[in-house]
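*Asks:* What follows is the residue order along each chain.
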Amino acid sequence: MAINLQKINIKFYLAENAVPSPEEAFRIFSQWIPLTTDEILIDVADYRHVARGPKTVLVGHGANYTFDNSDGRYGLLYGCKIGTQGSNAARLRAAFAASLKACVRLEQAENTVSKPRFVGAEAVITINDRLHAANSEATLEQIRADLESVLDDLYAGAPTQIEREGDARQRFTVRVRVEGDFETADLLANLAASGAGAGA
Amino acid sequence: MNETLTWKDHLGDRIPEDLGREVDIFETEIELRRQGKIDEVVFAETRLRRGAYGQRYDSGQRFDGKQTQQLAFPKANTKGPNTEWHAPGMMRIKIPFGGLNTVQMETLADLAEEYSDDILHVTTRQDLQLHYIHIEDTVDLMRRLAAVGITTREACGNSVRNVTACPLAGVCNTESFDVTPYSRALARFLLGHPDAQDFGRKVKIAFSGCRDEACGLVNLHDIGALGVTRVIDGKTRRGFEFYVGGGLGAVPHQAKLFDEFVSEEELLPLSQAIGRVFARLGEKKNRARARLKFLVARIGIDEFKRLVLEERAILPHDARWTSYIQGLDSDDETPLRPGQALQGLQLPEGFSEWFGTNVYQQLQPGYVVVTVYLPLGDLTGQQMRSLAAVSRKYVKDTIRTTVEQNIVLRWVSEADLPTLYTDLVDIGLGGSAANTIVDVTSCPGTDTCKLGIASSRGLAGELRTRLAEKYHSLDAAVQGMRIKVSGCFNSCGQHHVADIGFYGISRKINGITVPHFQVVLGGKWKGNAESFGLAMAAVPSKNIPLVVDRLTERYVAERQGDEIFQDFISRVGKRDVKAMLDDLVQVPTYEEDPSFYRDWGDTREFTIDDMGKGECAGEVVPLALFELGAAEREVFEAQILLDENNFSGAYTMAFKAMVAAARALVRSQFLDVSDAPDTVIAEFRTRFVDTGLYFDTYAKDKFARYLFRMQEEALRNPTRDDAHRAIEECQLFIEGAFACYNRISDAAGADALATA
Ligand code: SF4
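Order-wise, the sequence lines are chains A and B.
At position 67 of the first sequence (counting the first as 1) the number is 1259 in my numbering, and the numbers step up by one without a gap.
At position 655 of the second sequence (counting the first as 1) the number is 658 in my numbering, and the numbers step up by one without a gap.
FYI, nobody ran anything at the bench for these hints, they're computed from the structure.
Relax, there's no trap hidden among the hints.
Below, in silico cross-link-like pairs of lysine-lysine (DSBU-like), each with a Cα-Cα straight-line distance of 35 Å or less:
hint, chain 1, residue 1, chain 2, residue 2
1, A, K1293, B, K453
2, B, K473, A, K1307
3, B, K259, B, K308
4, B, K659, B, K205
5, B, K659, B, K577
6, B, K308, B, K205
When you get a sec, could you build the whole thing from the sequences and use the hints?
*Replies:* This is the structure in structure tokens:
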């Protein structure tokens, strides 16, 4: 039986000197709430006091967007929370598209002090669903073909390195690395050009 | 793993049958609600009884410097107090006596990651809370908890809430005996008990092992049991000094002594009998007066006791009342490692400071309790999982949450402290200053609570940051003080029992709503919450850190000997203390400093409109504000009289202040109203209560009824308690008058105000 990939999380890292302060993150996310029409965003949660974790969370009905430093590095973590339709590959594409759209939106945000900028050449994919996706090699093998096809489109054929991380208690997580520099806007365009994800 | 797998199948018989059935029923109820076959009100109570709570969200409006703008926003689905039934909400998870094991911790970590925003929050009653949970996810969440022995049943709603106990029980130097097994037994006994299902309001129960410390906070609970021993027939017997009718909330009540010694055999049946009496005689219609404390106050402790004992006498025997007593010794915890003294090792950086604040020497030689300090009670899923791993290295499932929103590891061998400290630092949980002034306690406030008025967590975070920066330069007496913050008068942050407490209010300044906090002084944390503080002054949120600085600096400068803060405040006198804060009460105009018009931790302009609106009509001139200010001064005078033990004067002055506040509102419509109290109250009732103008979405007309009741009762010889209550009620009545004024002035419009 095929694995049912749901609750896909994707994190892109911020360049080191381009990390918004908690105040700025709160302000940007608060501004998104009323201006976003294609999904329901409902609140901003401030956890700046937590040493490593979700620092500022834009909570949505279907997905959260988080300034996150759980692994010691700041990035934007997109987390889909509700069941979605389509093949596993389509869901992965949709998650990448939603994640990159948010990154681009941040990079283009006006009046920011930090001028957020993302590192496109590295991404962390987590399946936030231990029941259907244990953190094991078996899970990786089940999704590898779908993942590789999406990454192929995303990085326009550039060779990617996929590495599984963490132990069995943690959620299924893989880190993707690509040689070279990639702008998030270009990655988003690559996905759109491949004919999928534009509507995510 | 395949796509048809469910948690229910996966966990199978690891879910206890009774809990599993409960969850199945709830799943069906969700489906029926989805189909519109269960009314929202009925579903709300059923969901609350299972720990699923509605949450507050962004208000969908902003103040732009001139006026409040409604934003183009899908508000109907997601906003404010009237959120849709299926909007993501909070899940409260009961942790009886705060006891956790490592498997439970790992499950909680998984749940925080998979269903919440990756944050676990420890509450002031030893519960854990997860936020932004989709209602569809609650059933799997409950099943996964049930599989590790945790239930969310009766975590909210009109039921017996989490039974709390000292986190040091069993290892404490001052306790009579370990109250843990008793709190566990009572929690189990009352969970789902038929005699605990028909209450008008919640019942909170706490256990404490001694009288003088604050760990159990017995005095502020509906039922409080304080462990004591007695020699009977030459044998030392365990029992409880038993208290009832305590509670914080809008008007706090000190618990009343029910019996000096309730034997361990009588603990469960007596509690059951109390449940029956409360279910039978407690208020059901008027939520505002439905807590046990109101029943005890209404009929008196003697009559209450008589009724309970009468009920106890006719209870059918239940073997569970005493069966747990035989197995008490099996509850005793054991250490993982031999207890050894800390050696003269080379200690890691920061260790000494952490040792000074986060380590408690157990009664058992060679062992200590380590407090893992959680800023604002929060930790991430991964931190909880890592903490479980760290705990396994040093202790045997002897882990507890605390009412100060931390986690303690008990039975740590002293010799292990340096490595344990290093392990905690590695997972971001090695913070020192636990149980100090830096360790500010806060309720969720406006972040997620629908009743919140000002941002308690925002303020707590700001105070914590500032105090941590200068902690080393603070006097030792100040370092040991406690600050507690609530987002509103309901006191979930327990502000009444802090050295310095704050609760959120709002004030209208030049037509704009400004977040404020009432400064509450005089509370005593020690002695199981020995005394409750009173509000002193309404200060804009932005100035609150200065309030803390001023109070603590003056305390250090003028302290006499070992004088504690409360004694210092009462020696200096409230009049003097208030004068010290006078300039901090002032609010600059928006143009001068817009930061006063935003709350801590929030970059948006402040609003309380997401709390829901009352009806608005008429017009109030600023004269009303002026007169309300005068009423506030009178209630302050009442506090002074109370301090001087002039109970009758304090009571009368509180009533006078209420009448003055009512008159301030009446005069906005009927300028020439006389100042005869009966006339003012009659006019106030007709013009403001009957019309619904003096109304709060949640408190409804509760505060107005305080006035009417005082008019009726007109006590001739009020006790200290009566006077204290009158002042509390007066303060709330005046807050209600300010809120009423704010709503009316909103309706009248900013322009009308400016020209008035
Ligand atoms: S004190 Fe008020 S704001 Fe805080 S949790 Fe309680 S009801 Fe909510």
